[in-house]
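Student: What follows is each chain in one-letter form.
2 protein chains.
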Amino acid sequence: MTEITPMTEAEADALIAGIGQRARAATLALGQASAARKTQGLHEAAERVRSAANALLDANANDCVRAEANGISAAFLDRLRLNPARIEGIANGLDTVADRPDPIGAVDQNWTPANGLNISRVRVPLGVIGVIYESRPNVTADAGGLCVKAGNAAVLRGGSDSFESSGLLIECLRDGFAAAGLPRDGVQRVPTKDRAAVGAMLRGRGAIDVIVPRGGAGLTERVFNEARMPVIGHLEGLCHLYVDAAANLDMARAITVNAKMRRTGICGAAETLLVDRRAANTHLLPLIDALIAAGCAVRGDEICQAADARVAPAVESDWRTEYLDAIISVRIVDGVDGAMAHINEYGSHHTDAIITDDAAIAARFLAEVDSAIVLHNASTQFADGGEFGFGAEIGISTDRFHARGPVGADQLTSYKYVVRGHGETRP
Amino acid sequence: MTEITPMTEAEADALIAGIGQRARAATLALGQASAARKTQGLHEAAERVRSAANALLDANANDCVRAEANGISAAFLDRLRLNPARIEGIANGLDTVADRPDPIGAVDQNWTPANGLNISRVRVPLGVIGVIYESRPNVTADAGGLCVKAGNAAVLRGGSDSFESSGLLIECLRDGFAAAGLPRDGVQRVPTKDRAAVGAMLRGRGAIDVIVPRGGAGLTERVFNEARMPVIGHLEGLCHLYVDAAANLDMARAITVNAKMRRTGICGAAETLLVDRRAANTHLLPLIDALIAAGCAVRGDEICQAADARVAPAVESDWRTEYLDAIISVRIVDGVDGAMAHINEYGSHHTDAIITDDAAIAARFLAEVDSAIVLHNASTQFADGGEFGFGAEIGISTDRFHARGPVGADQLTSYKYVVRGHGETRP
Chain A
1 MTEITPMTEA
11 EADALIAGIG
21 QRARAATLAL
31 GQASAARKTQ
41 GLHEAAERVR
51 SAANALLDAN
61 ANDCVRAEAN
71 GISAAFLDRL
81 RLNPARIEGI
91 ANGLDTVADR
101 PDPIGAVDQN
111 WTPANGLNIS
121 RVRVPLGVIG
131 VIYESRPNVT
141 ADAGGLCVKA
151 GNAAVLRGGS
161 DSFESSGLLI
171 ECLRDGFAAA
181 GLPRDGVQRV
191 PTKDRAAVGA
201 MLRGRGAIDV
211 IVPRGGAGLT
221 ERVFNEARMP
231 VIGHLEGLCH
241 LYVDAAANLD
251 MARAITVNAK
261 MRRTGICGAA
271 ETLLVDRRAA
281 NTHLLPLIDA
291 LIAAGCAVRG
301 DEICQAADAR
311 VAPAVESDWR
321 TEYLDAIISV
331 RIVDGVDGAM
341 AHINEYGSHH
351 TDAIITDDAA
361 IAARFLAEVD
371 SAIVLHNAST
381 QFADGGEFGF
391 GAEIGISTDR
401 FHARGPVGAD
411 QLTSYKYVVR
421 GHGETRP
Chain B
1 MTEITPMTEA
11 EADALIAGIG
21 QRARAATLAL
31 GQASAARKTQ
41 GLHEAAERVR
51 SAANALLDAN
61 ANDCVRAEAN
71 GISAAFLDRL
81 RLNPARIEGI
91 ANGLDTVADR
101 PDPIGAVDQN
111 WTPANGLNIS
121 RVRVPLGVIG
131 VIYESRPNVT
141 ADAGGLCVKA
151 GNAAVLRGGS
161 DSFESSGLLI
171 ECLRDGFAAA
181 GLPRDGVQRV
191 PTKDRAAVGA
201 MLRGRGAIDV
211 IVPRGGAGLT
221 ERVFNEARMP
231 VIGHLEGLCH
241 LYVDAAANLD
251 MARAITVNAK
261 MRRTGICGAA
271 ETLLVDRRAA
281 NTHLLPLIDA
291 LIAAGCAVRG
301 DEICQAADAR
311 VAPAVESDWR
321 TEYLDAIISV
331 RIVDGVDGAM
341 AHINEYGSHH
351 TDAIITDDAA
361 IAARFLAEVD
371 SAIVLHNAST
381 QFADGGEFGF
391 GAEIGISTDR
401 FHARGPVGAD
411 QLTSYKYVVR
421 GHGETRP
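Same order as they appear, the protein sequences are chains A and B.
For the first sequence, my numbering begins at 1 and goes up steadily by one.
For the second sequence, my numbering begins at 1 and goes up steadily by one.
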């Protein structure tokens, strides 16, 4: 699409209203579609992604050339670029979602209150889900696949840098759905790079039922501020690892290095290491040493600086920083209470872990730390819908409303009450 | 509180910020409080309501005198007025909520994905819940009790006409909580009649996590438009009753009269009766006759008018009207498909019922009608948290996000993932 003049607000609103009407029509068929048909549609989509691999690589090469000409960063270009392994990963994600249990029609609860009615709470789709994301083409397939698995219609607005490759992926999904007798409009793209369309999506209550921002903090903050419909979004992942005096040192070392360094740019990466004061003489130095050996810069409090001259001073703002980089802040705390006080003060309620062999201390941490994911003796990097067995994720919610933590197809549902009577009238 | 000058926005914001800080502090203790302690606190509150009955009647008499001087309607005055039976009803509601299973700490799901971690999804409180409601004093106790049962802190802003009686009820709740060792600030009131406080609540993201409007359409619409935090609200209850050709006539008659006339002013009251064309000669006239005999005005299509001369013509707007009065619209439809087409076009997705002895037709209606509550062979007036066994309700949500249908303590929760490992690092 060649764009000469920017869209007006009214043009953008009309565009989104039309997309919303087609999406609403698609939800009627998708909400009633059998599990087998949705499974087939997702497998058909995966096959079309595989068949289109060469065309996807060509389209993506065009996207990358344009993006480089626009002066994007190397990290951004890496997220944008497709290769045969990544294309197979996208297809495989669709196959995995296809083979998961169907969330729709599942009965959460069934009971008979005193009035004798039989009541079931049954899972139904949410409706039309708008997804606004940056230029990672795999999000196109993950988001579209998860929405349709749960009987929803997706309206996708990817970053303009991936316009050509995302567009082709969406055609693979739509063709796959059509081959299974599902509506093509189960997934639609917003067919313009014009940013006015984002504002129209956020205003489009009635056209779009739920909006999912998947990208940086700036995008998420804008969506929370402007959206006229519910949001499933995530803000920061300022994740902590607390190493208790009762921690096995080898385990603590392996998990610390993994939690920080496996991938530093994901929201489940640890940003702050808290070490029990009673372990300062036994565990602190080996942990700092292992982090530095793995290529991590360490900033610490005075005890940490005294323990290892390579530790730079940590200042107050370090405890509030999501580095998303090979940097960690380290602090000595007074046992699990000190750790929880720090996490309560500085954390983002995303993912926090404790390493200890003391079951009672672990139980307190798991119960009292108020985060979407709390782990005992495992790496924070497991904060991921795929690792949770969801097949894929549309994001990791740090909100408490509706969905919290990794969001898969099960979280993209609502419910209704089905009540079976025998002629009852209410007294 | 005597108010001389209206509050400024800044004063209202400061008031809500202070209330929010005390509420947040209360959530820390409430979130960890044992089930037994919360049960005790709610029973203690119920006892204090009973002990304060005379003082409540006096305070309520003062409220009613002021409200009458302000020229309120008789229906409004009826909702505002307390009597000994209503006070016992309020206390009994608290006792019922107290004795319900505790929602916090319940494990929804437990599983072990391929990575070997053990994952539990565990129920936790939502946080601070703001409730904005009109002048029914019982809402004060229902809302406060349900919030605290689920470990949340409540910030209550009742209608100014019930200021004195609601204030005394809140003191009963707070004293009861304190007697059980729970924080008094589990329930706080907004201590001013000034409407500026409502705006400050809606702006107060950070102070208030979720807002619940409980009142008319004007209030709910304002809250949906202005709130900067998630909303649990309900809009219209435009409920339908469909009488199929395979309906037992006696059952259909009893349910029709009950669904419309038991109480006409509640959101679960039926507003439109749809009758299968194949039953026009057998069921239509007896149903119209029974409604009119019960004191209901009937507006119908041409077939209904031809069937009974007392039927007034229904116009297009009748199908879209929530009468909340002794008026019903009646229409002939072509079987269950015609009924579902009408409901899809005109309904509000609140509560809809089918009367039929045909199990296959009932199954289609229950599956395909997209409403919060769908009933087979039972009255729409069962749309109520008490009837569902929730003890009380904070409202009936017509939204699909987070909570749908009657909202009890279980719906005022979030969840977290508790992950137990054995030293796992992510590959």
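In short, the hints are calculated from the structure, not lab data.
Hints may be right or wrong, so weigh each one.
Stated by the list, open to error - Part of the chain A face toward chain B, derived, beta carbon under 8 angstroms:
{"hint": "1", "residue": "I72"}
{"hint": "2", "residue": "A75"}
{"hint": "3", "residue": "F76"}
{"hint": "4", "residue": "R79"}
{"hint": "5", "residue": "L117"}
{"hint": "6", "residue": "L126"}
{"hint": "7", "residue": "V198"}
{"hint": "8", "residue": "V210"}
{"hint": "9", "residue": "L249"}
{"hint": "10", "residue": "C296"}
{"hint": "11", "residue": "I332"}
{"hint": "12", "residue": "L366"}
{"hint": "13", "residue": "A372"}
{"hint": "14", "residue": "H376"}
{"hint": "15", "residue": "R400"}
{"hint": "16", "residue": "E424"}
Don't be surprised by glycine CBs; every beta carbon is placed ideally from N, CA and C.
Student: If a hint holds in the structure, say so; if it doesn't, say that too.
Tutor: Hints, one by one, checked against the model:
{"no.": "1", "hint": "I72", "verdict": "violated, 28 angstroms"}
{"no.": "2", "hint": "A75", "verdict": "violated, 21 angstroms"}
{"no.": "3", "hint": "F76", "verdict": "violated, 24 angstroms"}
{"no.": "4", "hint": "R79", "verdict": "violated, 19 angstroms"}
{"no.": "5", "hint": "L117", "verdict": "holds, 6 angstroms"}
{"no.": "6", "hint": "L126", "verdict": "holds, 6 angstroms"}
{"no.": "7", "hint": "V198", "verdict": "violated, 19 angstroms"}
{"no.": "8", "hint": "V210", "verdict": "holds, 6 angstroms"}
{"no.": "9", "hint": "L249", "verdict": "violated, 11 angstroms"}
{"no.": "10", "hint": "C296", "verdict": "violated, 15 angstroms"}
{"no.": "11", "hint": "I332", "verdict": "violated, 23 angstroms"}
{"no.": "12", "hint": "L366", "verdict": "holds, 5 angstroms"}
{"no.": "13", "hint": "A372", "verdict": "holds, 6 angstroms"}
{"no.": "14", "hint": "H376", "verdict": "holds, 5 angstroms"}
{"no.": "15", "hint": "R400", "verdict": "holds, 4 angstroms"}
{"no.": "16", "hint": "E424", "verdict": "holds, 5 angstroms"}
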